[in-house]
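Novice: Can you make the complete structure from the sequences, with help from the hints?
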Amino acid sequence: MKKIFVRPHHLLCMQGFQGYGYSDEFTKNMRDIIDSINLKDNKVYLQIVISCDDICKKCPNNRNHKCVCEDVNIMDKKVMDELKLKEGKILESVGTEVFSKVNERLKNNIKCKYICGKCSWHNVCLWFNDACKL
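So the sequence shown is residues 1 to 134, counted in our numbering.
No wet-lab data here; the hints were simulated from the structure. If a hint is listed, it holds; no wrong ones were tucked in.
Only pairs whose alpha carbons sit at most 25 Å apart, straight line, appear in this in silico DSS-like list of lysine-lysine:
no.: 1; residue 1: 77; residue 2: 89
no.: 2; residue 1: 2; residue 2: 84
no.: 3; residue 1: 111; residue 2: 86
What follows is a set of in silico ranges between Cβ atoms, one per label pair, in the way DEER data are often shown:
no.: 4; residue 1: 23; residue 2: 86; range: 28 to 36 Å
no.: 5; residue 1: 32; residue 2: 100; range: 18 to 26 Å
no.: 6; residue 1: 113; residue 2: 41; range: 33 to 41 Å
no.: 7; residue 1: 94; residue 2: 24; range: 29 to 37 Å
no.: 8; residue 1: 41; residue 2: 70; range: 33 to 41 Å
no.: 9; residue 1: 104; residue 2: 129; range: 12 to 20 Å
no.: 10; residue 1: 18; residue 2: 118; range: 13 to 21 Å
no.: 11; residue 1: 133; residue 2: 19; range: 15 to 23 Å
no.: 12; residue 1: 96; residue 2: 124; range: 19 to 27 Å
no.: 13; residue 1: 24; residue 2: 69; range: 19 to 27 Å
no.: 14; residue 1: 41; residue 2: 69; range: 29 to 37 Å
no.: 15; residue 1: 27; residue 2: 96; range: 16 to 24 Å
no.: 16; residue 1: 113; residue 2: 73; range: 12 to 20 Å
Note that beta-carbon positions come from the ideal geometry of N, C-alpha and C, so glycine has one too.
Specialist: Written out as structure tokens, the structure is:
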């Protein structure tokens with residue numbers, strides 16, 4: 001059983017990731033996590049956290065296991081509210097099914113702008129650009 005600790009807003013970021021990142025180390029870590037989730041018959045458990053997660057481990061904004069970017073905390077709260085998630089909740093997923101479930105609730109023009117509109121990455125985020133065209 002593979003457990004991945006994930007911040008709520010990263011459920012969107014992982015879908016829109018194109019290889020851009022803060023550093024090569026961050027980018028490789030993000031790609032490795034996404035690849036482990038996207039394996040077709042692979043079961044993973046995503047545990048919701050409201051602090052730095054497995055993706056944040058290689059982020060330069062992670063200072064003593066706290067993100068120095070307040071905007072991501074706001075995005076996390078919005079995603080948690082929209083998906084009715086609580087800290088510690090475990091989402092079970094085989095392949096990309098977790099992303100499909102997230103998108104059923106969030107992939108629309110109004111919600112994507114509400115959650116991600118102020119994100120510094122939204123111009124290169126495939127999820128944001130696709131969701132906001134709907």
